[in-house]
Amino acid sequence: SQTIHQWPATLVQPVGSPLSLECTVEGTSNPNLYWYRQAAGRGLQLLFYSVGIGQISSEVPQNLSASRPQDRQFILSSKKLLLSDSGFYLCAWTGARESPLHFGNGTRLTVT
Amino acid sequence: AQSVTQLDSQVPVFEEAPVELRCNYSSSVSVYLFWYVQYPNQGLQLLLKYLSGSTLVKGINGFEAEFNKSQTSFHLRKPSVHISDTAEYFCAVSTNDYKLSFGAGTTVTVRA
Numbered sequence: 022s023q024t025i026h027q028w029p030a031t032l033v034q035p036v037g038s039p040l041s042l043e044c045t046v047e048g049t050s051n052p053n054l055y056w057y058r059q060a061a062g063r064g065l066q067l068l069f070y071s072v073g074i075g076q077i078s079s080e081v082p083q084n085l086s087a088s089r090p091q092d093r094q095f096i097l098s099s100k101k102l103l104l105s106d107s108g109f110y111l112c113a114w115t116g117a118r119e120s121p122l123h124f125g126n127g128t129r130l131t132v133t
Numbered sequence: 050a051q052s053v054t055q056l057d058s059q060v061p062v063f064e065e066a067p068v069e070l071r072c073n074y075s076s077s078v079s080v081y082l083f084w085y086v087q088y089p090n091q092g093l094q095l096l097l098k099y100l101s102g103s104t105l106v107k108g109i110n111g112f113e114a115e116f117n118k119s120q121t122s123f124h125l126r127k128p129s130v131h132i133s134d135t136a137e138y139f140c141a142v143s144t145n146d147y148k149l150s151f152g153a154g155t156t157v158t159v160r161a
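Going down the list, the sequences are from chains S and X. Read in order, the letters of the first sequence are residues 22 to 133 in the working numbering. Read in order, the letters of the second sequence are residues 50 to 161 in the working numbering.
Don't take every hint at face value.
Simulated pairs of lysine-lysine, DSSO-like, Cα-Cα distance not exceeding 30 Å [stated by the list, open to error]: (1) 148(X) <-> 118(X); (2) 98(X) <-> 148(X); (3) 118(X) <-> 107(X); (4) 101(S) <-> 118(X); (5) 148(X) <-> 100(S); (6) 107(X) <-> 148(X).
Honestly, the hints are just simulated from the structure, not real lab data.
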C-alpha cells in the first residue's frame, strides 16, 4: 500500500535560519506531489506542485522554494526564514488527476 | 488564472436541518471538482468528486453536490445534518496541468 512520510512534525526556527522539510512517498511511482500551507481562514494555500523529477511549478512568489531530486521525494526549503513563514505545512500526493489527494501528517513550523 | 471561492466562512446549523455550502471557481479550462472534509484534529478526507457525466454527484455520509458549468459552481448539500457533521469543508479544483487549488474552507457547526 502507498504511504506518505513527512517530517519533522514540529519545528521551531529563528528568523533568518534555513529550512528544509522533507516528504517521501512509498508504494507508488511517478506521483504528483504538492506542498500546501494551511492557515485558519485561508484554507490550503498551494505553494508548489510537481508532476515529475525536476519539474516544479510555483504558485505563490515568496521566501520558499521546492525541489524534487528523486521520483518520490519532495523538499520544501528556504534560505532565510521570515516570521510570516510560520504555519502548518502539508505535503500531499496523487496518482492521477481524478484521484483523491493523500496527505502527510503535516509540519507545524514556528519562526521566532 | 484559477481560483476557488467558498462564499461562507462559517455556517451554523441545527441538527436535522439542511445545509448548503457554496463554492464557485474560475478557470478557462476544463476542471475536475472535489469536496474534502476535515474533522477536528484530523486530516482531510474526500467527500465526493465531479469528473464528467451527471452533474449531480453523491458522496459519503449523505452529502451530494451539483456541478453547474454556466455558473461555474459546485455547491455541496446535505438534507439533514448530524452533530457529527461538525467539521471544516473545502472545495477544490483540479485543472489539466495537475494544479489542485483549494478554497478557504467553510466551518460547519451543528447544534442540537
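Results for each hint:
1. 148(X) <-> 118(X): holds, 19 Å
2. 98(X) <-> 148(X): Judged against 30 Å, a Cα distance of about 16 Å means the pair holds.
3. 118(X) <-> 107(X): It holds: about 17 Å lies between the C-alpha atoms, which stays within 30 Å.
4. 101(S) <-> 118(X): violated, 43 Å
5. 148(X) <-> 100(S): It holds: about 25 Å lies between the C-alpha atoms, which stays within 30 Å.
6. 107(X) <-> 148(X): holds, 24 Å
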